[in-house]
Amino acid sequence: MDLVTEQFSKQYSSSPDVSRDIADDMQQYLRSNQVSQEVIDQVELCLVEVVNNAYEHAYQYSDKLPIECSCFFNSDNELVFEVSDYGKSMTKEEFNRAVNGEFMEPDPEDPETWMTSGRGFIIVVQLTDDLEYIQNGNKNTFKILKRAK
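Numbering (my numbering), first residue to last: 8 to 156.
It should be emphasised that the hints constitute simulated quantities derived from the structure, not laboratory data.
A few of these clues could be false.
[Unchecked claim] BS3-like mimics (lysine-lysine), calculated; alpha carbons at most 30 angstroms apart, straight line:
1. K153 - K99
2. K95 - K153
3. K71 - K99
4. K99 - K17
5. K71 - K146
6. K153 - K17
7. K17 - K150
8. K71 - K95
9. K150 - K71
10. K17 - K95
11. K146 - K95
12. K150 - K99
13. K146 - K99
14. K17 - K146
15. K150 - K95
16. K17 - K71
[Claimed, not checked] Across the chosen pairs, the derived CB separations fall in these ranges:
17. K146 - N103: 16 to 22 angstroms
18. Q133 - Q41: 22 to 28 angstroms
19. S43 - G108: 16 to 22 angstroms
As the structure is a computational prediction, the values presented were derived from the model and not from experiment.
Quick reminder that beta carbons are idealized off the backbone N, C-alpha and C, glycines included.
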């Protein structure tokens, strides 16, 4: 019989520090479900990238707007993590470009390579087993799947 876990679900207010608050809560939830520290660290990095993306791009650095976070284990004991916002949405083309981009190492001689924009989704794709972008009305959700155990 599979281990049945409670779903983690909480709404946060957008801010420069919200990704840290969510990551702290998720660490606690994952530890209580015997997830390895290696997986916790990977999920934390992905979470910070996705939440920061919502704050920067969907909400254009606006504070006190809702960011919802949920996490649970599916029937295959895979970790399912969702981050939702109600800000500016991405087109499917923008999402596909973001997740299929090439990671460019910064070149000390070329300032154009110093920008970090565009790297977040590449990192998420490399550290997870699946990443989906779902638009439902004015709600944007990033759904991450990670084999956790």
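Cross-check of the supplied hints:
no.	hint	verdict
1	K153 - K99	holds (22 angstroms)
2	K95 - K153	holds (26 angstroms)
3	K71 - K99	holds (27 angstroms)
4	K99 - K17	holds (27 angstroms)
5	K71 - K146	holds (16 angstroms)
6	K153 - K17	holds (20 angstroms)
7	K17 - K150	holds (15 angstroms)
8	K71 - K95	holds (15 angstroms)
9	K150 - K71	holds (22 angstroms)
10	K17 - K95	holds (21 angstroms)
11	K146 - K95	holds (9 angstroms)
12	K150 - K99	holds (14 angstroms)
13	K146 - K99	holds (14 angstroms)
14	K17 - K146	holds (15 angstroms)
15	K150 - K95	holds (17 angstroms)
16	K17 - K71	holds (14 angstroms)
17	K146 - N103: 16 to 22 angstroms	holds (20 angstroms)
18	Q133 - Q41: 22 to 28 angstroms	holds (24 angstroms)
19	S43 - G108: 16 to 22 angstroms	violated (29 angstroms)
When each numbered hint is compared with the structure, a violation occurs for hint 19 only.
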